[in-house]
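S.K.: Chain by chain, the residues:
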Amino acid sequence: MRAITPALIGVASLALLASGCASDGGTNNNGGETGGATEISIRGCTPENKLIASNTNEVCGGNVLQAVTSKLVYYNPDNSAPELDIAESIESPDAQNFTVKLKQGYKFHDGTEVKAKNFVDAWNWAAYGTNTQLASSFFEPIEGYDKLQCGVDKESGEADCTKNKPEAETMSGLKVVDDYTFTIKTTTPTSNLEVRLGYTAFAPQPDSFFADTSQGKTEFGTLPVGAGPYKIVSNTATEMVLEKFADYSGAHAGSVDKVTFRIYNDMNTAYNDVVANNLDLTDQVPADQLVNDQWKNDLVNEDGTPRYGTKETGVIQVMTFSPIDDQLKSIDMRDALSMALDREQITKQIFNGARTPATGWVSPVVDGYKAGACTACVFDPTKAKELYEKAGGYKGTLTIAVNGDGGHKEWAEAVCNQWKNNLGVTCAVEATPNFQTLRKGINNRELKGLYRGGWQMDYPSIENFLTPIYSTGASSNDGDFSDKKFDQLLKDAAAETDLNKANELYQEAERILGEKMPSIPQWYQSSQYGYSSKIAEVKMTPFSTFDLSSIKLK
Amino acid sequence: MGKYIIRRVLQMIPVLLGTTFLIYLLVFLLPGDPTDGRCGQRPCSPEYVASFRAEYNLDKPFIVQYLLYLGKLLHGDLGTNFYGNTVVSELAVRYPVTLKLAVMAIIIEAVVGIAAGVAAGMRKGKFVDNLITITTLVLISIPVFVIGSLAQLVLGVKWHIFPVTSTNGTFDQLILPAIVLAALNVAYAARLTRTSLVENLRADYVRTAKAKGLSALRTVGIHTLRNSLIPVITYIGASFGSLLGGAIVTERIFNVNGVGSFLFRSINTQDGVSVVGTVVVLVFVYLVVNLLVDILYGVLDPRMSRD
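So the protein sequences, as listed, match chains E and C.
Residue numbers are given in the working numbering: position 310 of the first sequence equals residue 310, and the series is strictly consecutive.
Throughout, the working numbering is defined as the position within the second sequence, counted from one, plus 554.
One chain only, chain C, in its complex shape (with noise of 0.2 Å):
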């Protein structure tokens, strides 16, 4: 196990390298110099810009931008974005609203995208598995971004049920987006549960289980679901791993002041140093959720040994 997890974070490493290459690349050859719209319909002073493009290094060749960008990552550095704070302090703020929204989205899809899919596994071709198939299909097939202008003006603004925003990222004004965020993925997890259930419940260690006199509820509770969930958890992980990353619509909608809003807004405000910066963290975050679902296999089923 221990030689896997170090060959594991080894393999970080080319693939940071090559990410914040591509993403250095991509932000900072879009076409515009950042000085150009600043100063409104007037040029920016030529002091102004002088001193801009010193700053941030836009003065040297690409690839000298680059390794000093690097250098100062390797010191954990996420450099001063246009606007005079630092990325780190920036994301700080952030990412603990995005972390709890991204908690209250992933209880919410493991609880009811399993419980779902366990309802449909072990009633297939009755009401409630069609019932579940076709609510699924539903909200496979909606926009996210409709499902959440549509829980918010309905819930919010009309029936006053929920907040209709959470400014202030606390709990109450959180659910609400954590629902909206979860609706997508719930229909994953039921799908995948359901027809992973289904596969195992044909498996020659059920029908001993039951030979055996086992309950119903031991048998699948304990037996079949164990093996049933490994894809579900791979699948909850990966989301996990992209809700981390801010859910840039849903936080839009709900004015969340979450790590999607920012890099939004960084985006649009052309503020690079901030792009590069929250995008070289989420890949970061998202390689390790990574690793922790796969060690988590091991767990569920120990014939998955790593070493």
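Isolated chain E (complex conformation) (with noise of 0.2 Å):
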């Protein structure tokens, strides 16, 4: 128990921490030139999983990852677009057979040049069941994924790799033309597969990484090998140095010499760090900081310039409603608890502006999107009752399910509070100690009322926040939502060629969560990031991470 109490204390202490008084915004610099080559810090966390693009699917990883591989395409950091970055075209007749050609002259940073065979076979490894890759449901739309993956037990009934091993090692829908070109079959029409071959899993994997015969890939993924502008140099407990590729011959060189993510356990000693301008970026910035702008006071300038930003970022937490709840069943009850919340009120008071009222299902960022899709997410608390009472009100206690250590509790107080003071009904929130017991009762459909789920995307497509999470039998469909219009416009929009007709396709879908209300859009999450006075520009992408190409020094 010695080891717990004080760990206790210590999430105490975040909130002391952090509520100093204003700063003047510092002056001593850490040394960043040296003999003309530029250097910067980043914070860092440490990464879950050794550093394998199909094996990472967290943002301490994800951080470095993005700088040292390169895909087939760039997410633009101003608007998330996609454009083309080692791929020299991606063409299909019809959303369902892929080519795609490459750009000849891109290196991995072991020299060796990026061909057709280095995406197949990475895919086909990530795939592999037995491989046991955390982000290997990526390549669930290509054909023949489903022959990669481990049989099923008959005694247990669950996948079992030991006894069942995968029917195939490579996917049918891939392959090889020549040396810069490869297809891709999908099994169902994707039309926007390009919009997804941006995100990490996606990355092509060098010669060495198959000769690496380690357990788990461990060697290869301490010091990975990717094309990216970034090259990983050390990999130690305390810090992740990069430094510019020199061969990089893509658009989006890196204008640093040295990246340093220096690990930090607390992001409270990371903004710390920032403000006393001996650390060059951070991309988080203390809820508490928030309060009354006491961080645009700490993060200015000796000439009274921010050195701080916003970034709105592709995260929706919405409020699930639970399957097995029998008296949420009916929409009026569902819009009535929508409408009587007032979203505005609570992203002010509760997150200082550090979230956005949502309108709708889909993240602003995200190519497709388009405003008021949730009719019910206008505050109107007269028409609110009035609903409530049509449908009968609610019989015993309204739980809000949350995890415990999130920092979730004061926003769902808050909304029980509206839902008391609104309709009259008894609420209450259920906090569970952390994120895997929720995630467990989740799962295991054992909650009742509602709960919270927060969606980050994985691509900035409209359609990734719709069907993982709306379409029947969805991974991520925690509330058992099923309706056969919905899926069918999916379906077509997945088959549209065109992509403006497919996204208005899936605008369409989006309308119908707007009545059927399978949950509660809460707000869309935007990131707060500060830096030193040595950066004179620097970018956030929708994903919350830094654009290392776009910084600029002073």
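Hints are not guaranteed to be accurate.
Away from chain C, derived, C-beta distances all over 10 Å, residues of chain E [unchecked claim]:
#, residue
1, Asp85
2, Leu134
3, Gly173
4, Thr213
5, Tyr248
6, Lys258
7, Glu389
8, Lys485
9, Glu496
10, Ala536
Pair ranges (Cβ atoms, derived) [as the list claims (entries may be wrong)]:
#, chain 1, residue 1, chain 2, residue 2, range
11, E, Ala37, C, Leu685, 46 to 54 Å
12, C, Lys626, E, Thr375, 58 to 66 Å
13, E, Gly407, C, Asn684, 43 to 51 Å
14, C, Lys626, E, Glu91, 51 to 59 Å
I should point out that these hints are in silico values taken from the structure, not numbers from a laboratory.
C-beta: ideal position from N, C-alpha, C; glycine also.
With the hints in hand, could you dock these two chains into one complex?
M.R.: Below, the structure written as structure tokens:
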């Protein structure tokens, strides 16, 4: 127990740590320039896994891999539009058969050239069941993916790789045509495949990756070799150092020679270091610094210019109606709860503007976004009360389940209070000890009432906010939502080769969510960041990471 | 002496067995499966869950899990954590930093604490005594995270006297965390020294020494202090043992990459293997340091023979 009590005090210290007073911005430099070479330091955190593109699904490793790898497609940091990177062209006559042509001359950090087989082999390896890659589901659209999964054991009913090896080792939908051309065939039409290909899991792997025989490719994963603008030169418990790759031939070369991801266990500490100009970039500002715009006073250059910024990111928070709660089945009830919610007030008072009220189920940063799909997201307490009474009210205590370790209790309490005041419902917040227990309760469908759901986009497409969460039987369909017309629209949109027309179909599908209310959209998230006086300009991507090619020093 | 040491070492075995069992029980019977939240809002693929459970023996009954773990432990293998690194290698990187910090803190604690205690004890009831009593009272009553955060904000962020963080664990970076870490213990050490010294100054042998015409410096420095330091050494020894366990709060505030912050992160990420491995090592270190302290008694006071 000795170990656990101080940890709790540590959490309590967050509040005090950050409640300091305004600062003048600081003056000391940490020797950024040595012999003409430029360098910067960025807040890093300990990656949860070895740095393998297809096994990294969290931000600590993702930050680094984003700079180390190049993909077929690059997301523009301003509007997150996909632009061709390694790909010369990606063409498809029917949204199902794609021909990918590569630019010549792209090199991995070990000097070998990026060829078609580097993509095909990497994807096959990542999708192969026995390799248990966390991001393997990204390859699901490709034809033959299911043959690479382990068979189900008859006794336990679970996938078992020891008894039932996958039937095939390569996906039938991937074919190498020549060194710079390969084809992709998807199981069903997937019109936005191109948008997906910018995700890190789709990065090519060099020959040295396949030559690594260590368990789980741990040797390669410590100092991974990619084709990105930066190569990783050291990876320790305290920092990960990247250097500019001299032979990088792409359009997004780094502007700084050396980038150090310094590992912080606590974002408050990193923030303090940026205020004191000891660290050049932090992608997180502690929530209590946002109160009364404290951070805007702290992060100011000596000449009065700001050294902070905000970027809207592809994250949406919703409350999902539990499928096992019969009292919440009626649309009137669902509309009432949503209408009784004053999103404006909560985003201002609890989040200090770091959230924006949601008007639909899709984040505004993505291609295809259209505001206002959720008609019941407009605050209207009188109508809400009417609908609530029409639906017969809620008997017993309505619960909102949140994980207690993520700072969600405050807004959930506020939501409960608004419902109490506006509808007269008895409402309580049920906080689980941690995220794991919340997920367990949701995955096993044990919770009643509503539960928290946060979705961070994998790739910037309207489709990513609809298909994985609300299509029938989808992997993240926590509310077991199922609607034939909705599913059909998604199918039609996926088969539509014209991207604009496809987006229109997706928008139409989103309007169905507005009628059926499978969940209550709450707010979109934005990221706050701070930088040192050394930096003149920096851009944050809608994925909350820094775009290293856009950094300009003074 | 030899017999005593052997007896003490043998006593460690049941203590270690008991603690590892308890820790293992607490960590692995926590609610929530470690794979539940590992794939974000999606459930992890069944292949992933199956291989994860098999790798960490989570598919076996608890007692079998524990015995398998114990078997590995006997070979000095603390296991491989959920992120593919061996716990031994993780600790090997972090222990030098924590050790450095602990030694620096203990030196500050011993030097400042004993000096203040002697100063107060010699002038009992005078201004210096009152000043030290009040100062130590203030230090004892403020929680360490307040002292730490305040010191970081004022001395680091505002005045730039000390580095704000200690990411690389160099000597100059560790000075401020060491002072913060020592602050509380200094207060206790000073108070113990004072009380013990005041008591001993009334002893007969001190009067004899004075009557012999020995100087005050010799009376206090050689005769009294040696006897007075026994409880202080016990205290400092025990606090050194717990400092080696890594100061979770201080290490977090100053971003020291030591054992404490590793333990904190492991608890947060539900990395059970790391938590158990780290705590087992901490228990062991604590026991060894305590044994060393007990042996030290004999050196200070030969009357305390152990045989």
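S.K.: Hint by hint, say whether it matches the structure.
M.R.: The hints, checked one at a time:
no.	hint	in the structure
1	Asp85	holds (25 Å)
2	Leu134	violated (6 Å)
3	Gly173	holds (19 Å)
4	Thr213	holds (15 Å)
5	Tyr248	holds (28 Å)
6	Lys258	holds (16 Å)
7	Glu389	holds (34 Å)
8	Lys485	holds (25 Å)
9	Glu496	holds (26 Å)
10	Ala536	holds (23 Å)
11	E:Ala37 <-> C:Leu685: 46 to 54 Å	holds (53 Å)
12	C:Lys626 <-> E:Thr375: 58 to 66 Å	holds (60 Å)
13	E:Gly407 <-> C:Asn684: 43 to 51 Å	holds (45 Å)
14	C:Lys626 <-> E:Glu91: 51 to 59 Å	holds (55 Å)
Violated hints amount to a single one, hint 2; each of the other numbered hints is respected by the structure.
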